[in-house]
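Trainee: With the hints as constraints, model all of the structure from the sequences given.
Residue numbers (numbering that gives the first Met the number 0), protein chains in the order written: chain A, 0 to 172; chain B, 0 to 462.
Incorrect hints may appear among the rest.
[Said to hold, decoys possible] Label pairs and their calculated CB-CB ranges: (1) F63(A) / Q160(B): 17 to 25 Å; (2) Y418(B) / P85(A): 55 to 63 Å; (3) D151(A) / V203(B): 36 to 44 Å; (4) L320(B) / V74(A): 42 to 50 Å; (5) L378(B) / R27(A): 40 to 48 Å; (6) V74(A) / V203(B): 33 to 41 Å; (7) V373(B) / V74(A): 52 to 60 Å; (8) Y418(B) / L52(A): 49 to 57 Å.
Since the hints were derived computationally from the structure, they do not count as laboratory data. Note that CB positions come from ideal geometry on N, CA and C, so glycine has one too.
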Amino acid sequence: MYGVMAEFATPERLLEAARRANAEGYRRMDAYTPMPVDGLTEAIGLGHSRVPLIVLLGGLTGCFGGFFLQWWIAVLDYPINVGGRPLNSWPSFIPVTFELTILLSAFAAILGLFALCRLPWPHHPVFNVPGFERASQDRFFLCIEAQDPRFDPQATRRFLEGLGPQGVMDVAE
Amino acid sequence: MTPERSNVQVAPPDEFPVIGAEYDYGAVTETFSSIVLTRPTPREWYLGFGVGFVLVTVLLVAATILFTVGVGIWGINIPVAWGFAIVNFVWWIGIGHAGTLISAFLLLMRQKWRQSINRFAEAMTLFAVMCAGMFPLMHLGRPWFFYWLFPYPSTMWVQPQFRSPLVWDVFAVSTYFTVSLLFWYLGLIPDLATMRDRAQNRWVRRAYALLAMGWRGSADHWRHYEMAYLLLAGIATPLVVSVHTVVSFDFAIGLVPGWHSTIFPPYFVAGAIYSGFAMVLVLTIPIRKIYHLEGFITLRHLKHMGEIMLATGLIVAYGYLMEAFIAWYSGNIFERFMMWNRMFGPYGGYFGALMLFNVLVPQALWYKRVRTSVPALFLISLSILVGMWLERYVIIVVSLSRDFVPSAWGQYAGTIWDYLTLAGTIGFFLLGMVVFIRLLPMSSMFELRAIAPRGAGADASAR
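Mentor: So, in structure tokens, the structure goes:
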């Protein structure tokens with residue numbers, strides 16, 4: 000068994016349920032919503048995203064790597080003397096440095112997102128729940144996972160039923 | 000994180016709401032997914048597809064003859080070596096800029112009205128940049144060697160010249176296309192999951208499932224997603240500005256009178272936004288009519304786009320004025336001649352038409368009656384698209400045809416192949432847009448759910 004899942008009609012009820020579950024001491028849980036819900040990250044008990052750090056590292060790589068590429072080509076690999084001007088004519092290298100900073104930041108953002116979300120992940124237990132297709136449309140789900148130390152199939156189910164859901168379902172592994 | 004995503008917000012009472020009052024989460028999902036999945040394809044779609052298909056065929060014929068015979072079939076010559084190809088390149092890439100601006104800049108500015116139009120404006124960017132990219136490639140003469148533009152360990156032991164704005168352009172445009180594609184795909188992922196969950200046909204469902212990569216809308220995913228989306232918007236905004244700045248460097252760094260001007264970067268960027276919003280309006284107005292999306296793309300959207308066109312149009316007009324003023328004030332005989340020749344020389348008619356289409360006609364947007372009139376906005380947008388094309392024609396052709404030494408002067412006119420290639424790329428753009436509308440949700444459903452008015456109202460009654 001993967002966990003027990005409750006379905007809610009509105010984001011407000013889901014938020015309330017997530018806060019109550021957190022107060023009850025449940026830690027291993029996740030919510031499934033058709034759009035981002037303000038305050039849900041905190042209600043579930045998740046911290047800040049680490050995407051910004053990954054983007055920063057990607058951007059710095061693009062910036063220094065891009066400049067180094069041009070410097071290496073213009074000074075060492077293929078030097079061209081243009082009227083005796085310095086080979087390391089760095090102001091001319093700024094536009095490409097900028098573009099490569101943007102390019103590598105963007106790739107870092109997307110690949111970092113996929114890595115942190117562990118996507119692609121086509122077969123997840125929550126997809127087995129009947130009616131879960133509405134999680135991408137108009138319903139809001141809260142799943143308390145079996146790995147939680149306080150998880151008990153009967154007690155957790157009763158707890159979720161007390162939160163005013165549309166229904167409570169077991170999630171098979 | 001961003002307030003416009005908050006789903007407890009009700010749109011303030013307004014003369015022109017951002018989104019019709021009768022739409023809740025379900026209605027948003029139903030409206031945009033059914034266009035792709037269940038509703039019959041409207042007749043106008045087939046018309047658009049047919050016209051696009053015919054013009055793409057024209058493009059293929061024109062390109063085949065070009066590659067067989069060479070660039071001599073075009074009107075280009077010495078001194079006017081750039082001609083239509085570069086005019087069209089700058090025109091198309093400028094059009095693309097509105098899409099990124101709507102999706103990235105308006106997100107940072109927390110403008111809720113972007114939600115209904117950002118997806119197809121971004122698709123417009125992608126197809127416009129593809130059209131733009133074709134022209135320098137065809138103009139290369141030997142397009143099969145395009146990869147010589149990139150630094151790679153070649154057996155000829157040569158490398159690109161990084162002091163050249165043309166090399167900057169390669170990096171700017173290819174980065175722009177890549178980042179636009181990534182941004183567009185990122186925005187699509189949650190909606191692809193919706194399409195996966197709503198598709199009835201097994202193979203259609205699998206195709207969407209593959210593209211959605213198993214997105215399940217988990218709170219853990221959304222926190223990373225929102226951050227990644229915001230950061231991409233943050234880096235895409237300076238990118239747009241940099242791309243058209245670099246495009247303007249192609250001219251401003253040259254010494255040709257009429258090109259060598261420090262006002263080029265800001266006035267090119269403003270012109271790009273100007274023509275881009277005109278293209279968004281030209282696409283939006285028929286789409287909202289054909290698919291009955293007046294509740295999602297309201298007069299509010301059209302009015303705001305009209306206001307942006309008015310503002311950027313004034314910046315462009317200021318650019319023209321400053322070019323003329325500096326030409327006179329500099330006292331430089333070549334600059335003064337350039338300006339005189341531009342206005343009264345052999346291409347004076349183009350300049351007159353440019354002033355009419357790009358400066359005079361858009362002044363009608365000062366009137367609110369005009370900004371809220373759909374046919375007027377459509378016609379003004381067409382006028383701006385023509386005007387912006389003429390602007391690039393005037394800058395490129397007129398300046399090149401009369402540079403410093405009269406013995407080096409020449410005359411230029413596009414040939415039939417120039418016009419057919421331009422028409423062909425318009426067809427490619429049209430075909431891309433109609434296929435996109437048929438296969439993918441054209442508006443961002445997950446972002447619209449967050450501002451759907453009845454989402455909050457329904458909740459109040461449920462309590």
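Trainee: State for each hint whether it applies.
Mentor: Now for the hints, and whether the structure bears them out:
Checking the proposed 17 to 25 Å range against F63(A) and Q160(B) shows it holds: the Cβ atoms sit about 21 Å from each other. For the pair Y418(B) and P85(A), the beta carbons lie near 46 Å from each other, so the given range of 55 to 63 Å is not met. Between D151(A) and V203(B) the Cβ separation comes to about 41 Å, which falls inside the hinted range of 36 to 44 Å. Between L320(B) and V74(A) the beta carbons are some 43 Å apart, a value that agrees with the proposed interval 42 to 50 Å.
Hint check: L378(B) to R27(A), Cβ distance near 60 Å, so the stated range 40 to 48 Å is violated. A hinted range of 33 to 41 Å for the beta carbons of V74(A) and V203(B) is inconsistent with their spacing of about 55 Å. In this structure the supplied range 52 to 60 Å holds for V373(B) paired with V74(A), their Cβ-Cβ distance being about 58 Å. The hint said 49 to 57 Å for the Cβ distance between Y418(B) and L52(A), and at roughly 52 Å that hint holds.
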